[in-house]
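*Asks:* Residue strings, one per chain:
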Amino acid sequence: MELEINRLTKSYGHKTAVDSFSAAFTDGIYALLGANGSGKTTLMRMVCGLLKPTAGEVLLDGTPISEAGESYRELLGYLPQNFGYYPNFTGWDFMMYLAALKGLPKFSAEERCAELLDLVGLHGERQRKLKTYSGGMLQRIGVAQSLINNPKILILDEPTAGLDPKERAKFRNIISGLSSGRIVILSTHIVSDVEYIADTVMIMKNGQLALQNSSAHICDAIDGCVWRCAVPDERVAEVSTRYVVSNLRHTESEVEMRIISAAKPFGNAVAVTPNLEDLYLYFFREAQAK
Amino acid sequence: MNKFGESIVPDENRIEQIITEGQRYMDSHVPQRTPRLVLLVQQLRYISPLLWVTQLLALVLLVINVSTRAVGVAAAREILFAAAPLISLFAVPELFKDICRDMSELENVCKNSGSRILTMRLIIVGGINISVLTLLTAVVSGSWGVSFAALILYALVPFNCLCILNLLAFRLFRIRSRSGAAALSVLSAAAVLYLPAQTGVLAKISERLWGGIFIATLLILIWQVLRILRAAKSQGVLLWNSK
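Just so you know, the sequences run in chain order A and B.
Read in order, the letters of the first sequence are residues 1458 to 1747 in the working numbering.
Read in order, the letters of the second sequence are residues 7 to 249 in the working numbering.
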């Protein structure tokens, strides 16, 4: 199965949210990394068929998804960035309601919903009204609903937002376990989520695909651009305004800084191996500066 | 008995397990299309209690009015004209509740398309409203001995008008919130009630003209509904892609 995004563009008046985005996806976990407002959500909505692109198309095995319709949605699981619920829904109602809309017969819907609620640790809370759920619980039930139809294409928009570290780790394990035989696309700006589970990392900036590589090699793009150096305490403020600083650590007499810069910032600076956080800061330094 | 003549006791747990696995296999491999009736019942189950409450309230108010007011055709028409906006007060908000409750994205990526779900809601909400309007008219007609045909138009015209106004405003203002939907509905109902109260139009317009107005508003309403359904189908989904 191949999902192909072909020069996808979405404009709102003069503003272009997604600009000629092209990519191909086969089985595996793809992480779409980008700052807020970089166009991730708009792209995901178009991939789900929720938004009509201004130009370009999304193809599943060569067929435009707009033509595939129901047969495409049958393969699709989606967790939106923000979602609501009907006020009187319990966790169980919510799952069963969506299972019905996804076309699951009652027999397997009950079994599947119980299984998924158990997976996300909400089986014991299934009879509680959703309005009493915490943000993390709502996010977990959101993840559960996206899996109801055992989707071959799973699209998760900021899936770990609102989850505590323990829940995030659990979520990562769930997604890793689901990766075989399906396309998982998740958008996030939380770098640590991507580091652990993604096979491929895609950096999205200003609506365009700025960089794409396997998670093992994505940082190669900024090899030789990350430096570690010791700076006297009084110069920290000045250095911080001149360079993108990904980390600083106070030692007894100096401050050890991790600087992202194409050129060597100081004579005593030592090049270090870049990580995904450095890469993120390298690409979104303007956003950080703002 | 096996081929060696030994008797075998079937393991019931194993049989049950095989049946369950077979059932699961069938469910997951045979494409299922939810039958219309099942989808209709599903949607009916989740109709907002507020919609039911307004229907009941209208019925109670009507019964009180009928039992306390003096018998007369004009009074009967006034009562029905006032009851219709109350009945249809939450019809359009109920139709677009997925948008107002932020459920539209979840619902529209499901196998059963957004337009299919919208159609089901239209049938349910429309069905409830029309049934209750018919019931109210029958109550007034039966209690006061006024012809049913002479009364029903005075319930249907305001109903049509309120739905037209609401549908128009929902699309025009791209309503996405519960409070916005409720406010809009109340304003539309007030507008529908205000005009006849101020102008005395109920008494001035002939029954034949009411018939004409009914047909005109019905046609506009049908056109609006078809337009919304077409938009839901062709836009792939969100009726108003404001975000």
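Among the clues, some could well be false.
Stated by the list, open to error - What the simulated footprint calls covered on chain B by chain A, stretch by stretch (three residues with Cβ under 8 Å from a Cβ of chain A suffice, anywhere in the stretch; the number is not a length):
{"hint": "1", "region": "16-25"}
{"hint": "2", "region": "44-57"}
{"hint": "3", "region": "92-103"}
Unchecked claim - Listed below are the simulated DSS-like cross-link pairs for lysine-lysine, each with C-alpha atoms no more than 30 Å apart in a straight line:
{"hint": "4", "chain 1": "B", "residue 1": "Lys-210", "chain 2": "A", "residue 2": "Lys-1609"}
{"hint": "5", "chain 1": "B", "residue 1": "Lys-210", "chain 2": "A", "residue 2": "Lys-1472"}
{"hint": "6", "chain 1": "A", "residue 1": "Lys-1609", "chain 2": "A", "residue 2": "Lys-1627"}
{"hint": "7", "chain 1": "A", "residue 1": "Lys-1509", "chain 2": "A", "residue 2": "Lys-1609"}
{"hint": "8", "chain 1": "A", "residue 1": "Lys-1609", "chain 2": "A", "residue 2": "Lys-1563"}
{"hint": "9", "chain 1": "A", "residue 1": "Lys-1509", "chain 2": "B", "residue 2": "Lys-239"}
{"hint": "10", "chain 1": "A", "residue 1": "Lys-1623", "chain 2": "A", "residue 2": "Lys-1588"}
{"hint": "11", "chain 1": "B", "residue 1": "Lys-210", "chain 2": "A", "residue 2": "Lys-1563"}
{"hint": "12", "chain 1": "A", "residue 1": "Lys-1588", "chain 2": "A", "residue 2": "Lys-1662"}
Note that these hints are calculated values from the structure, not bench results.
For every residue, glycine included, the Cβ atom is placed at its ideal position computed from N, Cα and C.
*Asks:* Tell me the hint numbers this structure goes against, listed in increasing order.
*Replies:* 1, 3, 4, 5, 11, 12
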